[in-house]
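K.L.:
If you're matching them up, the sequences are chains A and B in order.
First residue of the first sequence? That's 1 in the working numbering, and the numbers climb one at a time after it.
First residue of the second sequence? That's 1 in the working numbering, and the numbers climb one at a time after it.
Simulated from the structure, these hints should not be mistaken for lab results.
Please note that the accuracy of each hint is not assured.
Claimed, not checked - The list that follows gives simulated cross-link-like pairs (lysine to aspartate or glutamate, EDC-like), each with its CA atoms no further than 20 Å apart:
1) B:LYS368 <-> B:GLU382
2) A:LYS4 <-> B:GLU307
3) B:LYS325 <-> A:GLU302
4) A:LYS5 <-> B:ASP396
5) B:LYS379 <-> B:ASP396
6) B:LYS363 <-> B:GLU382
7) B:LYS282 <-> B:ASP28
8) A:LYS217 <-> B:GLU314
9) B:LYS387 <-> B:GLU439
10) A:LYS217 <-> B:GLU328
11) B:LYS329 <-> A:ASP216
12) A:LYS217 <-> B:GLU307
13) A:LYS126 <-> B:GLU482
Unchecked claim - Cβ pair distances, simulated, as ranges:
14) B:GLU419 <-> A:LEU134: 58 to 64 Å
15) A:PHE130 <-> B:SER230: 58 to 64 Å
16) A:PRO157 <-> B:ARG364: 48 to 54 Å
All C-beta atoms in this analysis are idealised placements derived from N, C-alpha and C, irrespective of residue type, glycine included.
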Amino acid sequence: MKNKKVIIALLDNLIWPLLILIVIIFHFISDKFLTTFNITNILIHAAVLGILTVGQSFTLITGNFDLSAESTLAIAALIGAWLILPSEAPNFGGDIFLPVGLAIIALLVLGLIAGWINGFLITRLKMNNFIVTLAMMIILRGFMLVISEGNTMSGLPDAFKALGHNDLGKIPVSVLMMVIVFIIAHIIMQYTQFGRNLYAVGGNRDAALAAGISPDKHTRQVYLISGFLAALGGLMLAGRTGVICENMGSGMIFEIQAAAVIGGISLQGGRGMMLGAFGGVLLLSIIDSGLSLMRVSSFWIEIFSGLIILVAMTIDAQKVRYSTIPTVESKLSIKKAE
Amino acid sequence: MSKTDKYVIEMHDVVKTFPGVRALNHVDFKLKEGEIRSIVGKNGAGKSTLMNILSGIYQPDHGDILVKGQLIKPMTTEKARKLGISYVHQQSQLVPALSIAENIFLGDLLTEKTGFVNWKKVRTEAEAQLGELDLTIDVQRKVEDLSIAEKQLIEIAKALFANAHTIILDEATAPLPKEDVQMLFDFVKRMSAQGVAFIYISHYLVEVFELCKAVTVLRDGKKVGDHSVSDLDQPELIHLISGEKVETFHRKHHKLNEEKVLEFRNLSKSGHYKNINFALNKGEIIGLTGLEGSGKTKLIRGLFGLEPFAEFGEITVDGSMFDAKDPEKAINEGIAYLPRDRHGLGIIGARPVSENITLSILKRLVNKLGFLILSNERKHVENYVDKLGIITPSIDQRVQFLSGGNQQKVVFAKLASTEPKVLLLDEPTQGVDVQAKEEIMKIVDQLSHQGIGVIIVSEEIRELMDVCDRIIVFFDGEIVKEFNTKDRSTTAEKVLMAIEGETKKK
């Protein structure tokens, strides 16, 4: 029993020793690694991932997930730009010429709508969250192609790019945004009734219901949060790159989930802290940057990303294995494994 | 009668240590051919460990196992099966979505030369095989539609088809309906007469007395003794199990407050219950009992908003009309519910003791800005941990690491925190050991003294007799009898008769 608790505590906080280890390794491999320039770069790349990981963590903690986040990010950025830009090349906008402020509001609302639809289908129509968000991911990506007709939009106005591109003093605004979002999320989860309710819903849905907490209401709310943050991430990513192409954010969902899970947020729901997810975001960004510094081919980076996801899920599975009451069947399988 | 005095199972000097605990301390265990022997003890006394060693799931640190006089070393699960030892678990090992016949021939369905399954043959074979055991049951029924007792029957039958001579029967977590128990016990007794030995593990001592001839008592990993059931009565057995004289708790009757806190008027829900009329006074404890499906559970779950409630009738809570909608509303109006299924609806295992206890009252623990005042929460939790005697290393401990009895107390603390007017308890002592049962009953008594009206739904008549002021008996959706436990004429036998529907046919 004691051992089990130690193992679980270790698995829950594994992110921090991992993080230190990886920094030390890259520091010895490349002397460029721990420079202000490189660290700033890592953080800028971490910003969008971080914002989306927060959104995803909210859904994961309630025992859900949101696969559509990466498409929401892309479509929000695209629609925002489309509402501003003229239609000729290389802008490929919609000739609507909306003021930038309104366009930003519109794209954030779009994120909320995507989240609302997810929540509605899952809680009101009792559909499976995997199927719903997967379908949403495909549909939104499809809309993106329809609207952009496969063109890459560019020539975004500076005001639209501000969040992803500007600095406040020496600090990039996007990094500041990420840190603020993480702090708010952390406070919500640890110090408010809403946060506690989310843990309860994810930890044991039926018990939460019996304690007077509506699982469905809270599920709808986390999808709204996830949709909103995905749209915000889209705005930031568009600002950083200055262009919007059809495959923007494509495949990012795996990185997002890996960051959350390796940071201790369990796929089982009800477990993990935003602080840990922040560590997960840093870890993934550092590995990405470190491998690039080492001039590892992008094909190999791809393989590494896959491995990281596998490692994250392995840790999560062990956590679940150690924290559930062993049934005779699982004892049997352990026995056989010996 | 082919019974002999030969031992089929002998376990000598078994020791098993888990990190930090000596689960079994030099335990001997013997079982004769055709014997029905029960192993009893508190949670953690070593019952399951001993059986897991016998069936090869665990390896002992020390000690020998002899099957029919032959030393088996090491015992493995495959060997145990081959040697005729079968373990029928609490959780069914049958495939729920398949029929009885398919489960019987699982992995070995009778096929034609063409490779297709010969369903007719599967059916007739299954019927024939069960017939040999004197079991008549529709083999096309799906296992998921069977009662727990029926599932156990099928599992025992399966074990017997595989030539088992020793069957370990782990208690069903829920008390089985009376007629099902009878069916199961009759079958077990019949098989034992034919030479099959049974090891029966149970918390329900009444059933132990009914079924078994002999009993082995374990306490804290040591064997207390082997006894013949005829030499013992229930209090003596409880004494042996707990190692100390457990006072069975008995509520002192006191003058009841006449103020009604909950009243049902003409409540009906078609197919479940009809014309339910009764009132609960402040500080009163009422027991609702009856067979499985008699409507008592539906009634209180409906009142709390966990399932659709009555279509007709009125309820008043503390004088004002109440409309059951969802648990949130029920809690706000002063109704608390302790679920039968602690793991399903009670605790959130992955979260700490503190969060579990304050789950329903967080809005009282926030400041003006909506942030939780953690120091107040801590104070509240420590107060309850102290008051209810919850044994935990710290209030930050995850509830899943507490014992069953302590988990149940955490649920009580959560409910009491809401300061309810009415407390609904659905089988509150299920799956907790004898001592924890008494403690829980004491807590219920204390709460009632604070003016809370309590309804206990239970099939444990003796417990209800000890703690309730009144017992209301349901039969087939109706209230058929009400007993006042103060009356000397109220006996467990009379309550039992009412449960079985005797009074209805007056």
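K.L.:
Compare the structure with each hint and give your call.
P.N.:
Now for the hints, and whether the structure bears them out:
{"no.": "1", "hint": "B:LYS368 <-> B:GLU382", "result": "violated (24 Å)"}
{"no.": "2", "hint": "A:LYS4 <-> B:GLU307", "result": "violated (38 Å)"}
{"no.": "3", "hint": "B:LYS325 <-> A:GLU302", "result": "violated (52 Å)"}
{"no.": "4", "hint": "A:LYS5 <-> B:ASP396", "result": "holds (12 Å)"}
{"no.": "5", "hint": "B:LYS379 <-> B:ASP396", "result": "holds (13 Å)"}
{"no.": "6", "hint": "B:LYS363 <-> B:GLU382", "result": "holds (18 Å)"}
{"no.": "7", "hint": "B:LYS282 <-> B:ASP28", "result": "violated (52 Å)"}
{"no.": "8", "hint": "A:LYS217 <-> B:GLU314", "result": "violated (29 Å)"}
{"no.": "9", "hint": "B:LYS387 <-> B:GLU439", "result": "holds (12 Å)"}
{"no.": "10", "hint": "A:LYS217 <-> B:GLU328", "result": "holds (12 Å)"}
{"no.": "11", "hint": "B:LYS329 <-> A:ASP216", "result": "holds (15 Å)"}
{"no.": "12", "hint": "A:LYS217 <-> B:GLU307", "result": "holds (18 Å)"}
{"no.": "13", "hint": "A:LYS126 <-> B:GLU482", "result": "violated (43 Å)"}
{"no.": "14", "hint": "B:GLU419 <-> A:LEU134: 58 to 64 Å", "result": "violated (45 Å)"}
{"no.": "15", "hint": "A:PHE130 <-> B:SER230: 58 to 64 Å", "result": "holds (59 Å)"}
{"no.": "16", "hint": "A:PRO157 <-> B:ARG364: 48 to 54 Å", "result": "holds (50 Å)"}
Against the hints set out earlier in the document, violations occur for numbers 1, 2, 3, 7, 8, 13 and 14.
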